[in-house]
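Student: Here's the letter readout for the chains.
There are 2 protein chains.
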Amino acid sequence: MWHAFRHHLRSAAAAAAIALAFAGVARADDKPAGKVEISGGQVNELQKIASERGLNVDDLVAAAKTYTPSGKHDEFITFASGGHSGQMFVIGVPSMRLLRSIAVFTPEPWQGWGYGVGNKVLAEGDLDKDHKLTWGDTHHPALSESNGEYDGQFLFISDKANARVAVIDLRDFETKQILKNPIALSDHGGVFVTPNSDYIIEGGQYPMPLGNKYAPIEQFKKTYRGWVTLWKFDRAKGRIDKDQSFAIELPPYDQDLFDAGKLASDGLIFGNSFNVEAAYGAIEKGEAPLEAAASQRDMDYMHVVDWRKAEALVKAGKTEQINGFKVLRLDTAVKEGALWFIPEPKSPHGVDVTPDGEFVIVSGKLDPHVTIYSTAKIKQVIASGKFASKDEYGVPVLNFDDVKEAQVEVGLGPLHTQFDDKGYAYTSLFLDSAICRWSLGGSFAKLHPEKPWTVVAKAPMQYNIGHLVCAEGDTTKPAGHYMIGMNKWSVDRFFQTGPLLPQNFQLVDIAQGGEKMPVIYDLPIGVGEPHYAQMIKADKLKPLATYEVGTDPLTMSVDPKAPMPGDEKVVKEADGKIHVYTTVVRSHFTPENVEVEEGDTVVWHLNNLEQTPDATHGFCIAGFNINLSLEPGEAETIEFKADRAGTYPFYCTEFCSALHLEMMGYFQVKPKATASR
Amino acid sequence: MWHAFRHHLRSAAAAAAIALAFAGVARADDKPAGKVEISGGQVNELQKIASERGLNVDDLVAAAKTYTPSGKHDEFITFASGGHSGQMFVIGVPSMRLLRSIAVFTPEPWQGWGYGVGNKVLAEGDLDKDHKLTWGDTHHPALSESNGEYDGQFLFISDKANARVAVIDLRDFETKQILKNPIALSDHGGVFVTPNSDYIIEGGQYPMPLGNKYAPIEQFKKTYRGWVTLWKFDRAKGRIDKDQSFAIELPPYDQDLFDAGKLASDGLIFGNSFNVEAAYGAIEKGEAPLEAAASQRDMDYMHVVDWRKAEALVKAGKTEQINGFKVLRLDTAVKEGALWFIPEPKSPHGVDVTPDGEFVIVSGKLDPHVTIYSTAKIKQVIASGKFASKDEYGVPVLNFDDVKEAQVEVGLGPLHTQFDDKGYAYTSLFLDSAICRWSLGGSFAKLHPEKPWTVVAKAPMQYNIGHLVCAEGDTTKPAGHYMIGMNKWSVDRFFQTGPLLPQNFQLVDIAQGGEKMPVIYDLPIGVGEPHYAQMIKADKLKPLATYEVGTDPLTMSVDPKAPMPGDEKVVKEADGKIHVYTTVVRSHFTPENVEVEEGDTVVWHLNNLEQTPDATHGFCIAGFNINLSLEPGEAETIEFKADRAGTYPFYCTEFCSALHLEMMGYFQVKPKATASR
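Going line by line, the protein sequences match chains A and B. The opening position of the first sequence corresponds to residue 77 in the working numbering, with each subsequent residue numbered one higher. The opening position of the second sequence corresponds to residue 77 in the working numbering, with each subsequent residue numbered one higher.
No lab work stands behind these hints, which were simulated from the structure alone. Computed from a prediction, not measured in an experiment: that's the story for all the values here. It cannot be assumed that every hint is accurate.
[Unchecked claim] The list that follows gives simulated cross-link-like pairs (lysine-lysine, PhoX-like), each with its CA atoms no further than 25 angstroms apart: (1) B:LYS648 <-> A:LYS361; (2) B:LYS592 <-> B:LYS534; (3) B:LYS455 <-> B:LYS411; (4) B:LYS208 <-> A:LYS208; (5) A:LYS124 <-> B:LYS498.
[To be verified] Derived contacts from chain A toward chain B, CB cut-off under 7 angstroms, selection only: (6) THR182; (7) GLY287; (8) ASN288; (9) GLY362; (10) LEU366; (11) ASN475; (12) ALA621; (13) SER663; (14) ASN669.
[Said to hold, decoys possible] Okay, the calculated bits of chain A under chain B, using three or more residues with CB under 8 angstroms as the criterion: (15) 210-221; (16) 271-279.
Don't be surprised by glycine CBs; every beta carbon is placed ideally from N, CA and C.
Okay, chain A solo, but in the shape it has when bound (with noise of 0.2 angstroms):
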């Protein structure tokens, strides 16, 4: 009977997919091939349409460049921190649509991170065994790269909250590994490569006591330090390698941004910091609060270190353990020559190295300018042994004027610059709430009209920009075309969702160069804060539509232990733990009844045996707080303790067919006292 039924039920099933896959592709084919022609009639259609909904032919316009079909896929994908949500979103453009987000940090049931999938990976990232961190705030990814151009493989993100480090693998946009920074309790929340991925830049933020320990805050100078941490990243295993990372130990400054030198600059680290007042907050005992406290001097210091000098020194020995971490001491970097501080002005955010490496840019947020250095004259500079001065902590400082290229008035608050193809750089400007084009000087003079290091066009951005980010911006090949201002404040852009309002990315067209640039879509983003993204062209990333049956998403191979056709049972295995093997298909679970005794600790492996793409099943226990996401082969083992009899339902939490809500069963947990097995 049940075979008849079956049958019945996959033919319909499969013609109906089938027939539907075609007419639905059909429709991404349908599009006219050549030349598109507006009739009159339609002309009327559209200009109706307009009218009814205030919309204007710039609206039009605008519209027409972003609105993508149905089964049109995106040119571009943005990969956009989460903020303090603690995971990262994947946008497309230009139709602006988050597409998904990927859990990183925080526990999320709908992938089943940390409800079943993903535990061993954030377990890693505990602060002790005593101490799980459940949440993360991210803000600076970055894509891996090759040669300084992002190759799609892999994708890095930090956790300013906990200071963690989180390797994510582009084959299947999951999140692999996830490292707690052993030094220290906080960080900026933003990593940064050099351009082959040798290794992962983590900035620290907030000076601490190395090592998480107690040190009075009067201490502050002579105790608190701040860091880098450089993690070495083995892109074969698709994993950090913790023992060949290290810290390099820096004053008690804020460390802000970093960006690695690239081409010109290669071997070169650029970080920022301001607050080198070295200040601690003391409002309450009617002092300036930080905000004012760290904001006096004019100059703050640019941080440049020779990462393969460092790398030499921890190789030949030359560090400190600090829970079991290695650190290369401030006096060393310092005596041997692989840290120096340029002045720059006055509490900057940004650091980005223009893609031939010639320059570096800084945008000091009290400072109307950005401010140009010319990395050939810092090496050289460096090479001469010529310093101005030393900062209080021994640190050697470059003279400002010897290194500085220009500088460009571009506005009030600017944080961050981003380039394009057609030698503009763009600066987020955070009180004009705008963008700034600006014309680059060097190589890139020739690429554009105007007169180098000018203003060339404002936009303004609605409200509060923090960072944007132009198309695979931030390598040694930007695309141009498409800018996202990444806006804090929405205010009243949006229906208005309570006092919690979302961020507001607005997409910029910047593809024709001089003054235009307008804004042609605003996504308000209401999952998240995200502060920094990165474009990269879509053609470039190479995912998986399915695993391979059996896989364990950890290791991307097949689980010896994950249950094929005919594998199904419940056994007490030479661990003393109940194992249940179960496989699991459209529409149902075998088995489905699965009855162990209160008290036991069960270990319940699934394979979902599918290879249709999209034909994921989820696996929930009711009172269980399981819930597992089992993407089209993909195989997972939980262990949990029946700790309480009880009669629970699990069912698949996703909607997979017709007769999904028919696909459950029942996890008995037998009293003990009256158990017989």
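Given the coordinates of chain A, work out where chain B should sit on it, guided by the hints.
Tutor: Here is chain B on its own, set in the frame of chain A:
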């Protein structure tokens, strides 16, 4: 000094903010008031863009119908469930932008939910004090209604994975209450309201021994039971009154969706069931799995409940207590005349009452028809007492032909039905991957030119549509114009984001009636799996932009412990705990340094003094899993144990101002041995 600096900073920022506010709003006012005219040159530009991007003229028309420029607000707001994300999503229509998520059952740090904010609400929903529940599976939300129309005040949702219900206040879009159903461990994740929201109806799904007990699966028919719970809603308090709520025991069939009668059928509740075979899967014994075993019979049973009668029985004390909760036993409900069954074909999913209350539409997912029942006939047969039979649990079964009004052959796998303002019904077809528009009879026949009860049009969906939602399409006054198909699979519609793909919400323009119903937008949902949604006119919602300073969102009143300026302090209070009183304003916390002793219990009171819309501040403490989202005026109190010595930065997790990085302080935990407090 500080005052001078602050003055400088504030005036610059304020001037910029004011300038911007007007600049920003101005754009929206720029819109042409009258008719839009597209010049020949502009037509050429549109043609050029369309040709380059592979769009056709239909795409341009769809773009014009959906594109919503910066500052222009959506006409409708859709509240979609989030499936196994455990949350709710707010989506603007026609722009189809995800405006924000609302954290409900799953901790979510961007909103602070479960990381300091909302912890009390979440704890209310725990299984017991030893078993926290950390996620949910939300399926069918319900907006509060007055006279059968959405009133925009509250939103209700339940958790299929754990049988819980939640109340969201639409003044601030925050979850105010979560209640665990005491008699069951899983429901259908769906809630439905009576026409004035007197009761929130939570239907069961998988039969269980009531009260969360163990019973061998072989006792299924004897011991397992279905149920429906009627939660009494106290609108003035904005809370469910558990003491006035009750459940009705039902036979061990799988209850599914419910709908409340309205107008002509006010006082009745209609609820589907499938698996009247009372089968349980036993594939592990070589028998048919549940998907087949539960699909043997041609008819299942629609449940009809007289809820006013049931309420009277409860008030008369005719209930039993299970886990302290009132349960109206099945035999009492039958004997007293509160429950009847009506045969319905085959494995029904949707049960939907027409806007006038005259008809109930049922879709059997293994039957190509929708079946239309007359509520007048149902009432008449019930009054006459002339039943066809009784089911094996004694429930009177009405004769199908006595109450059937019509059947319409709509296609394969019909699931759910919604209504527009033109007398049409829309049914989702899962296996056909399509929507079917068909004409209603009765009082609706005069609204359309077609013969009643006939198919008018079909449109393909990509792919596998589950629910569908029309604007106010399940109320007494559907608004028409827009329909969203909530498709479970997207397959090839979007860029492949690894093996886990988003759902696909397709917006359909249903304004024209007749055969035309074009898909005008595809929205990927990659943050959860919505099942059902409701779409409300935006102007019915009256959200707050800010709270009065010091407001606790849980009580919506000013917390007397909320620190106002001048109240800031760190003090050991009579309860032996260290109380910290902190005010929060751009861009500092007061105090900035807080020292306690290892082992202290810390009670931290924070108050965001801001009254500027969107001036949200965060508050996180590194390493402590604490992150608050403090919206303008919001006050929160958190309590935790300082269980380890160290120096822990705290900071504002929102990018709130140009000096947001400086909005931080240190939480010092002094080692016990050296403490000198």
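Student: Indicate, hint by hint, whether the structure satisfies it.
Tutor: To see whether the hints hold, each was checked on the structure:
Pair hint LYS648 (chain B) plus LYS361 (chain A) holds up; C-alpha atoms about 19 angstroms apart against a cutoff of 25 angstroms. With a C-alpha separation of about 9 angstroms, the suggested pair LYS592 (chain B) and LYS534 (chain B) falls inside the 25 angstroms cut-off, and the hint holds. Straight-line distance between C-alpha atoms of LYS455 (chain B) and LYS411 (chain B) comes to about 17 angstroms, which keeps the hinted pair within the 25 angstroms bound. The straight-line distance between the Cα atoms of LYS208 (chain B) and LYS208 (chain A) is roughly 16 angstroms, inside the 25 angstroms bound, and the hint therefore holds.
Using a Cα cut-off of 25 angstroms, the hinted pair LYS124 (chain A) and LYS498 (chain B) holds, with the two alpha carbons roughly 22 angstroms apart. Interface hint at THR182 (chain A): satisfied, since its Cβ lies 6 angstroms from the closest Cβ of chain B, which is below the 7 angstroms cut-off. With a least beta-carbon distance of about 10 angstroms to chain B, the hint placing GLY287 (chain A) at the interface is violated under the 7 angstroms criterion. The beta carbon of ASN288 (chain A) is positioned within 7 angstroms of a beta carbon in chain B (closest approach about 5 angstroms), and the interface hint is therefore held.
With a cut of 7 angstroms, the hint placing GLY362 (chain A) at the interface with chain B is violated, because the nearest CB-to-CB distance is about 9 angstroms. Interface hint status for LEU366 (chain A): upheld, as the beta-carbon distance to the closest one in chain B is roughly 5 angstroms, under 7 angstroms. The closest approach between the C-beta of ASN475 (chain A) and any C-beta of chain B is roughly 27 angstroms, which is over the 7 angstroms cut-off, so the hint fails. Hint on ALA621 (chain A) holds. Least Cβ distance to chain B is approximately 6 angstroms, under the 7 angstroms limit.
Of the supplied interface hints, the one on SER663 (chain A) holds, with its beta-carbon coming within about 5 angstroms of a beta-carbon of chain B, less than 7 angstroms. Checking ASN669 (chain A) against chain B: minimum C-beta separation of about 5 angstroms stays under 7 angstroms; hint holds. Under the rule that three or more residues need a Cβ within less than 8 angstroms of chain B, the assignment of the region 210-221 of chain A holds, with 4 such residues. Counting residues of the region 271-279 of chain A whose C-beta sits closer than 8 angstroms to any C-beta of chain B gives 0, which falls short of three, so the coverage hint is violated.
The earlier numbered hints that this structure contradicts are 7, 9, 11 and 16.
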